[in-house]
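**Student:** Sequence:
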Amino acid sequence: TLAGSNLSALIATAAVFSQFFLLTLYMQQVLHYSALKTGVAYIGLTLTTIAFSAVSQGLVTRFGVRSVLPVGLALSTVALLLYAQLPVHGHYFWDLFPGFIIGGLGLALTFIPMSIGALTGVRPADAGIASGLINTTQQIGGAVGVAAATTIATTFTNHYVDSHSGISAFSGAALTHGFQIAFYVLAATSAVGAVLAAV
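The opening residue of the sequence shown carries number 1 in our numbering; numbering runs sequentially from there.
Please note that the accuracy of each hint is not assured.
To be verified - Heads up, simulated SDA-like pairs for lysine to any residue below, C-alpha to C-alpha not over 25 Å straight-line: (1) Lys37 <-> Leu133; (2) Lys37 <-> Gln57; (3) Lys37 <-> Ile129.
Stated by the list, open to error - DEER-style ranges, computed between Cβ atoms: (4) Ser34 <-> Gly64: 41 to 47 Å; (5) Ala198 <-> Gly166: 32 to 38 Å; (6) Val55 <-> Val144: 26 to 32 Å.
By construction, these hints were calculated from the structure, which means they are not laboratory data. Positions of the beta carbon are idealized from the N, C-alpha and C atoms, including for glycine.
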């Protein structure tokens, strides 16, 4: 259970940390949101995560980590697929908000069981090590994920610029294309995590 939770943490944080990074860039560079407006835009995701955290804990207690964690990662996959459809002239409530709600639910059903699973069956003397391990795994997953997602987005933005004359790398169309490809890759990563968590 500990190994499975840490593997899921590595994959989930790679997708989640990257998701926040890319969405922030999309809102600020493509939709031209201010930093404050971008922060407020995440309120739907944040409140959904908070609201369902207690529900997630109850579900884990009743059905177990293996039943809840894959569902959370599957919901995160759906949210990432919605983000991959974001248009150049996106609208908050029609394009971003649905993904934020589904993503927030996915986060609640992912990180709560993941944390519980990382300490399940661990001897009291090893609890500190297990807790440090899950935190380290999350940080490594996030760092690797952001680096990979940024590289993918930048690469495909440059491909778009090369194949469309007169388009700069900072145009909304080029940036959005790169973000879309990166979100598809992150969705595939999250889907693999859901399968591994179930197995």
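**Student:** Are the hints correct? Go through all of them and say.
**Tutor:** To see whether the hints hold, each was checked on the structure:
A distance of roughly 35 Å separates the Cα atoms of Lys37 and Leu133; the hinted pair therefore is violated under the 25 Å criterion. Proposed proximity of Lys37 and Gln57 is contradicted: the alpha carbons are some 31 Å apart, above 25 Å. Pair hint Lys37 plus Ile129 does not hold up; C-alpha atoms about 39 Å apart against a cutoff of 25 Å. Under the hint 41 to 47 Å, the C-beta atoms of Ser34 and Gly64, about 44 Å apart, fit the expected range.
Distance hint for Ala198 and Gly166: a CB-CB separation of about 48 Å, inconsistent with the stated range 32 to 38 Å. Checked against the hint of 26 to 32 Å, the pair Val55 and Val144 passes, with Cβ atoms roughly 30 Å apart.
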